[in-house]
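Asker: Here is what each chain is made of, one letter per residue.
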Amino acid sequence: MSKITEEDIKKIALLSRLELDEKEVGKFAGQLESILEYIEHLSEVDIEGVEPFISAAASGNVFREDRIIPSLPNEKALQNAPKSGEGFFKVPAVIK
Amino acid sequence: MDITKFTAIELAEKIKSKEFTAREVTEASLALIDAKDNEIGAFLSIDREGALAAAAEIDRKISAGEDAGVLGGVPVAVKDNICIEDMTTTCASKMLENYRPPYSAHVVDKLRAAGAVIIGKTNLDEFAMGSSTENSALKKTANPRNTAYVPGGSSGGSAAAVAAGFVPLALGSDTGGSIRQPASYCGVVGMKPTYGVVSRYGLVAFGSSLDQIGPFARNTKDAALLLDVIAGPDQRDSNCAPEKLTGLNELNDIDYSGLKIGLPKEYFETEGLDSQVRQKVEAAIEKFKTAGAEIREIHLPMIKYAVPTYYIVATAEASSNLSRFDGAHYGHRCGDATDIIDMFSRSREEGFGEEVKRRIMLGTYVLSAGYYDAYYLRALKVRTKIADDFANAFKEVDIIAAPVAPSTAFKTGEKTNDPLAMYLSDIYTISVNLAGLPGISLPCGEADNGMPVGLQLISAMNQDAKLLAVSAGFEELG
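Chains as they are written, first to last, in this note's numbering: chain W, 267 to 362; chain E, 231 to 708.
So that you can see chain E by itself, here it is in the shape it has in the complex (with noise of 0.2 Å):
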């Protein structure tokens, strides 16, 4: 079987019919892997042994009349952030190279629990620090739409798994973009959910007011779906919702007479927007408005001041997230030490990239004595600025569309010695991480290169469901 002609939901059809069983599925999908990912890199490991038993759990299953769920032996990938007990879970760093967590991550057992087969886990910027996974300590990662570019980050694997078409569905995290913008790179669909809609327990910890586990698919039909399996409470993540959301799965028609989406006029004026990106996302938004949706240009004032005011709250999130890597529980440990302080300042010094010391030094300095108000208060006191500006224009719209990243994919090591560069492919991103919003990126063309440009819509929070129904409305108007 071909396994990249299907999609997720047509796959559990299939292998629910009998037509395919999950073995065969599975097979498939590690064939493929096999055979092209020594040029993609998006692997970092692969648990055959634990696809097939699942796999062989799920036709024993349905060869017996049992539900087999609603992923019942669908291939699924894993970005290398989330911790699945006993199979190695290393952030792609030297730092946890070695690592095996002794639990599982929520989505995991969620995943599991609906019958998806895990194939493995996928690289990633270290620690999920950069938009282009080449802060990997372990990998590079290719675009699968041509190798001389990069997938986008920091889930460039779980982006170019799905890309490739090794798998029709994976699992990555969204801190500033890290869903959004490899799925813009790589012409997947990518979606972080509101804050609070699926569990973190599991997941290693960057900026937690920031992270969310979200779906990359080839549609969004598809991505709905893993969404609605992964979502839903757990009282192991004190910020994750009592009540899961409802209708995440249903998709309903859009009424666009009835559907008023907002244009925001900062995002279209930014320098360094390409013109090409523009184009496309331009003619996406003409595509709604022929359809019957009401277009109005938004203000979002406070939006230039996202950069900074995110690279602030997330690094200082992160050197005290990442204060447990010391060398004594687990993770690397330095030789030789002569005393403690030794032994974490060398164990850190050696297992950290430079990247992820990079953001642990700005987070340290911008909560340090004699600076914390200056810029750490300050910054959670735009923050809330900047989400009052999203809360006062979903007063007026349903939907908020703009590009998901002011260029198309770059080439590997283009912006590798710029790590001001490198943030700012993230500028339209991380403001509805601030804000705690649901986006979604889905692709809406090429440039002239053939690197593909993503759409993004945002929706106000806990909208969720309709976010995910105007995004598979877009799809449907081809």
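Excised from the complex, chain W in its bound form (with noise of 0.2 Å):
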């Protein structure tokens, strides 16, 4: 299952949203699997009938109540935006 080809590196790249170059390929391939590898180990532990961990807080998720406060302003907000205009951020079109 561990073996990794520059196709699978591909793949895995364009579901992070990695634009990889082509060096960056190959060597992840090589590294990742070695890493799978390392990782199969687990294979070997009997998990029959054990939950999955989900969460180390004792409390579990803490809950807050629903209510309205302040949140940032809009200059605050858009100030490290690379693109801004109109109290909005920009991006090139999505829909063409």
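Simulated from the structure, these hints should not be mistaken for lab results.
Warning: the hint list may mix true and false statements.
[Claimed, not checked] Once the Cα atoms are required to be at most 25 Å apart in a straight line, the calculated SDA-like pairs of lysine to any residue come out as: (1) W/LYS293 with E/THR642; (2) E/LYS235 with E/SER247; (3) W/LYS277 with E/ASP572; (4) E/LYS244 with E/ASP277; (5) W/LYS349 with E/ARG554; (6) W/LYS277 with E/SER553; (7) E/LYS611 with W/GLU314; (8) W/LYS269 with E/PRO649; (9) W/LYS276 with E/TYR602; (10) E/LYS625 with W/GLY315; (11) E/LYS611 with W/GLU306.
What you are looking at is a predicted structure, and each value in this text was computed from that prediction instead of being measured.
Hey, can you piece these two chains together into the complex? The hints should help.
Answerer: Structure (structure tokens):
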């Protein structure tokens, strides 16, 4: 299962939204394969009937009251935007 | 004044009693950084103006007879993945090189409320991913003990800043050992609290089920004081415990006749445990025994699966958490994007360094269709078994003692081409994050080459006060 081809790497890169160059594709294929080979050891463990570990929080998820509190003002929220205008984030056209 | 001579507690007392002004202490810290940090590289940014203004306010309060806070005038460094409003927070990444957060982390508000003077932001492995701080895209950090060696990571800058004496206190974050391992490599105290003790609001997320913010100091008393300042509830972190842990700063005397310390057989049998590290850790345990503690061998049979489990859980969470860096809202955006996918993919390709990409890729793979059950779900189940191992052990013992890392600090460049070898330097620390437990690293000697060795003490969940008390007790055993 742990044979990672360059095609696999390109597919994962697309899912990860990373435009890898050819050199990185080759390098990651080898490295991910050896990391996955190491991770394969987990298949030795008997997990029959074991519940997945969902949260490390002793008190579980902490809920708060659903009430309106002040949020970031528009100009603060936009202060790091690579491009903005008229109070919005600007990006290339999504629908052509 | 020589700032390196005083603990945080002493500095706060001397400022309060007007022996020093907060300004003198702040200037001493800044002067030392000016003189030495070009050699060490602990800091990514220094907030000279902000620090001096904060110090002036402390001095004003003290001369007016007002309460300056328990850390009144004490210089503190903050890891650069913790947001401070309008102060660059880079995560040591080109992605966030110019990012100025519009808000401050909860721990930063707590520090300021306690009178701390924030000196600057410290270097780290990019997005806290790494074990040597060599993955920083912005700067190299050297180990103050010997600059040919790495400071550990990912909180290498914070560990180095405290070890070099630039500041008596610093904050780090620990996802798989990122506080404890650099503390060990640099010869200072570093603690990862129980998951949920400290709010992560304003900490740039890496592995959300693992991340905790914690203190660095030169001794346990200072670390306990800092943890007591930053701990406590915060509704902005839904995993932050609703009640603050009590007694964190009390450091009660230890009744050694009633103290049971467990040594996990599996930890000491690991291939690759350096003989000098083993020897120093065993000598430390001998001190507890001489003081009257009962030493018991314990078993953590699942522990050998901790590293593979961690690298599934942490990378899966990272791939999800880091999807927010899309070039749209903040951070790096590539030039001349042809469409939105092109903007996402090229912004991320240009903004992230190699280790970050590797982990995003691995995390995406283990979560992808067809592999989810085989990798991610299986890892979550093994994680339950690892947590059960610890829970069973703590039915028998109060504290677990172990090495922090299999070796002392390695040389710069020694492991950069072998990601798996780098991952294995966290073999003793990551199980603590997987189980959500508190762990502390404290110095217990030096190897023949002069590099520090760390002792790791671990307690059951929410027993952080006891853990700190035992750690402080150990320091007094001498």
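Asker: For every hint, state whether the structure bears it out.
Answerer: Structure-based check of each hint:
1. W/LYS293 with E/THR642: Answer holds: W/LYS293 to E/THR642 is near 22 Å, not above 25 Å.
2. E/LYS235 with E/SER247: Cα-Cα ~17 Å, so holds.
3. W/LYS277 with E/ASP572: Distance of about 15 Å is within 25 Å: holds.
4. E/LYS244 with E/ASP277: holds (23 Å)
5. W/LYS349 with E/ARG554: The hint holds at about 16 Å.
6. W/LYS277 with E/SER553: holds (16 Å)
7. E/LYS611 with W/GLU314: holds (9 Å)
8. W/LYS269 with E/PRO649: holds (18 Å)
9. W/LYS276 with E/TYR602: Satisfied, since the Cα-Cα distance of roughly 19 Å is no more than 25 Å.
10. E/LYS625 with W/GLY315: Since the Cα atoms of E/LYS625 and W/GLY315 sit roughly 23 Å apart, the hinted pair holds (cutoff 25 Å).
11. E/LYS611 with W/GLU306: holds (14 Å)
Consistency with the previously given hints is maintained throughout, with no hint failing.
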